[in-house]
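One letter stands for each residue in the lines below.
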Amino acid sequence: MAEGCHVASRRRPLRALLLALACASGLPGASAQAAPAASAALPTEAPTAAADPALEARMMALAAELRCLVCQNQTIADSHAGLALDLRQQIREQLAQGQDEAQIRDYMTRRYGDFVLYKPPFKASTALLWLGPGLLLLGALGGLAVVLRRRQAMDPAAFDPDTPDDDAPDSPDAPAR
Amino acid sequence: MKRFLVPLGLFLVLVGFLAVGLRLDPREVPSPLIDQPAPAFRAATLARPEAMLQRDDLLGRVWLLNVWASWCGACRDEHPVLLDFARRADVPVYGLNYKDQRADGLAWLQQFGNPYADSLFDPQGRIGIDYGVYGVPETFVIDRAGVVRYKHIGPLTPAVLRDTIEPLLRQLHG
Chain Z
422 MAEGCHVASR RRPLRALLLA LACASGLPGA SAQAAPAASA ALPTEAPTAA ADPALEARMM
482 ALAAELRCLV CQNQTIADSH AGLALDLRQQ IREQLAQGQD EAQIRDYMTR RYGDFVLYKP
542 PFKASTALLW LGPGLLLLGA LGGLAVVLRR RQAMDPAAFD PDTPDDDAPD SPDAPAR
Chain W
78 MKRFLVPLGL FLVLVGFLAV GLRLDPREVP SPLIDQPAPA FRAATLARPE AMLQRDDLLG
138 RVWLLNVWAS WCGACRDEHP VLLDFARRAD VPVYGLNYKD QRADGLAWLQ QFGNPYADSL
198 FDPQGRIGID YGVYGVPETF VIDRAGVVRY KHIGPLTPAV LRDTIEPLLR QLHG
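Protein chains in written order, with my numbering: chain Z, 422 to 598; chain W, 78 to 251.
Derived by calculation from the structure, the hints in this document are not laboratory data. All values reported here derive from a predicted model rather than from experimental measurement. Incorrect hints may have been included.
With a straight-line Cα cutoff of 25 angstroms, these simulated SDA-like cross-link-like pairs (lysine to any residue) come out [said to hold, decoys possible]:
#, chain 1, residue 1, chain 2, residue 2
1, W, Lys79, Z, Met575
2, Z, Lys540, W, Gly212
3, Z, Lys544, W, Phe118
4, Z, Lys544, W, Lys79
5, Z, Lys544, W, Tyr227
6, W, Lys79, Z, Ala566
7, Z, Lys540, W, Gln113
8, W, Lys79, Z, Trp551
9, Z, Lys544, W, Pro103
10, Z, Lys544, W, Asp112
11, W, Lys79, Z, Gln573
12, Z, Lys540, W, Ile111
13, Z, Lys540, W, Lys79
14, Z, Lys544, W, Pro107
15, W, Lys79, Z, Asp581
16, Z, Lys544, W, Pro109
17, Z, Lys540, W, Leu99
Here chain W stands alone, though its shape is the one from the complex (with noise of 0.2 angstroms):
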């Protein structure tokens, strides 16, 4: 009896450990980011190429970064999400629309509605880069400080908002 023990142990830790598996996400990269200062940016807004908008415009109060393009499906599906969330919020959302065309990316917008503050027009995506993108859509929480405090890979859902997102600003709004 005893040797089937032995074994059937191992089976199960070997389950346990498939179980877990199963849940992580490997496309959810924790962000190296969280806790250090949002990375500088200084770039010109999607509706006007002459104003330039700088990380530091912005010091001082509690924003959300929403990485979008217009190319991106899952965006789309975020969107009404994100458009009901800035409608009754305090905090500003600015966009970063990423490696996008500006005529596509204001026609999106117009279609669609804008829920963003203001947009960052990052055709190349050198925002992007520095900001740890990887898949559109994602959304990062930045404090009073300039300081990353919460990533999110993906669209946003009213769940997250719920459960993380808004308990958070309440958290920074002390």
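Just chain Z, same shape as in the assembly (with noise of 0.2 angstroms):
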């Protein structure tokens, strides 16, 4: 989803399909129409080829572990909403007044909460999110655990006999007979 999933989406759809159609039928004006319109909705991104590469790739580095809150399964380096654009931009400017990473990431938190962090902190409210696949698997392995020793307890005549199946052929390789 672009610019402002749920909020711009009710309009902008059908913006979006009617310019197109405009533009493939070579309707004059009509992109010339569209850009204005288009630009004064959404911010412009500074140039990113910006006097500092270092500083960019920082910011891309800290904006890829940043989720976007208006295209929730973006990222902030990834998504193209109005907000993403604002706060690349934060992080830009916040990276060159000299605050380190932490304290940017701590600036997201006060105003997004946890959930701005695509990798959130362990505490009592996260601990089953970060605990649960360990969780999971020491189940399963108490779980196998008790049926092979309760398998291990049982009377060898419970089980079928291990004989060889010579009927059949169990692999593609076998010689056919």
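Dock chain to chain to rebuild the complex, using the hints, since each chain is given by itself in its own frame.
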């Protein structure tokens, strides 16, 4: 989804479709008219090849671990939502002012909560999130141990005899008879 | 028989989780600002570029901050509800005109009516970022001490006002 998913999507898709049709049909002035309307609503991003490529790289690295709240399955680095552009600009400015990554992460979570972090911190409310996979693994191993132990205790007669099955080839390589 | 009960039980647990999950709205991200002081701002108002409004001007009373923009479709749906609320409520509603053009915002109020005691003009969305705004419209309830008490994301509805915001306002007025 593009700019301002739930905010603007009510009007934008139709407008985009009409525009596409107008452009495809070669209506003169269609694209010229559209440009100011689009750029009025869309903040334009500072040229990324700007003065300091190192700063830009740090900004993108940090933006890649922050969630865009408008398009929640995208990072701030990926998203073209207006808010993501603004937040990239915020990161850029704060890095330029000498803030470090931890301070900027803190700035973001004070405003948007832990949800903005793709890697949430470990605390009481996220313990299950972090430990859940381990608990599931432990549970599965425990279950396996119980089953194996129970089988070990069973009378051997309870199992089917472990004879090779001569009647059927058990692999495609087995010689046909 | 018993061997079927375990998978059935697991299945029911899974159904339970999914049923709860369906009711959750992933867009409603709980705001970390609840019970925190409202972020400070000092900005020009929409109607008068030379008039500055700041957070501390509003200390000492309960007020609502409603984030809106002329480009926001859902704001138009919300607007009659807000107009009606502003007419009968005894708390002021301040607007935050978010990432908008001044002329567009003023024309919008002209056309649809103005429920706001005043609107802050935030063309760059800086105040919006400080308030963690990500989906316009949003509404904050701020108490006498300048603490954010509630945040509603998306358009206000009569039900939200009746069941949540108005009881909270009564409580804040003590």
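Handout entry: Hint numbers not upheld by this structure, sorted from lowest to highest
Key = Hint check: 3, 4, 8, 13 fail, others pass.
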